[in-house]
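Its first residue numbered 1338, the sequence shown is counted upward by one per residue in the numbering used here.
Since the hints were made in silico from the structure, they are not lab data.
Among the hints, a few may not be true.
Pairwise CB distance ranges, derived in the manner of DEER restraints [claimed, not checked]:
#1 1439 to 1418: 21 to 27 Å
#2 1421 to 1392: 23 to 29 Å
#3 1382 to 1454: 33 to 39 Å
#4 1381 to 1428: 35 to 41 Å
#5 1386 to 1440: 20 to 26 Å
#6 1447 to 1387: 31 to 37 Å
#7 1382 to 1429: 31 to 37 Å
#8 1433 to 1455: 23 to 29 Å
#9 1392 to 1429: 32 to 38 Å
Predicted model only: the values in this text are computed from it and were never measured.
Where is the CB? At the ideal position from N, CA and C, for every residue including glycine.
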Amino acid sequence: MKDKLTIFYDGECPMCCLEMDKLTKRDKAGTIKLVNIHSSEFLNYPDINKQKAMKVLHGRYQGNVLLALDVTHRAWQLVGLGFWVAPLQWPIFKSIAHQVYLLVAKYRHPISSFLHRRFGLGKAHCENGVCYDKRFDVDNRCK
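With the hints as constraints, model all of the structure from the sequences given.
Have a look at this one:
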């Protein structure tokens, strides 16, 4: 499908998985394809750099690579909830939101740990002092 959005996400990040779960539930038309950058399927996309994809969300839509909040904006538009993320494209708000996004993306695993400890979101799985949710099926995708 020409208008399908492919999202390359960190499947070891509970916040990322939560977002992908929400998108999947809303995507009744099947307009979004999810690719966990830790899965073997990711090897089919040599043009997407894993190290860069670990820093910011990557997507591909209509032959173009989208980054960070542009991926989020397009995804929620495709599932019919674009009005919730429309401010992400407003000139002044976009630059502020992007800076906040970069900060959250950089510290997403410690933030996930905090959210689990403080609010009980997800199941804790700890490695190197960072707790996060490891919810994978056999294809290493979020459940």
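Okay, the hints, checked on the actual structure:
1. 1439 to 1418: 21 to 27 Å: 23 Å, holds
2. 1421 to 1392: 23 to 29 Å: 25 Å, holds
3. 1382 to 1454: 33 to 39 Å: Once the Cβ atoms are compared, 34 Å apart, the range 33 to 39 Å for residue 1454 and residue 1382 holds.
4. 1381 to 1428: 35 to 41 Å: Between residue 1381 and residue 1428, where Cβ atoms are some 36 Å apart, the hint holds.
5. 1386 to 1440: 20 to 26 Å: 21 Å, holds
6. 1447 to 1387: 31 to 37 Å: 21 Å, violated
7. 1382 to 1429: 31 to 37 Å: Since residue 1382 and residue 1429 have Cβ atoms about 34 Å apart, the given range 31 to 37 Å holds.
8. 1433 to 1455: 23 to 29 Å: 25 Å, holds
9. 1392 to 1429: 32 to 38 Å: Given range 32 to 38 Å: violated, Cβ gap about 24 Å.
In this structure, the earlier hints numbered 6 and 9 are contradicted, and the remaining ones agree with it.
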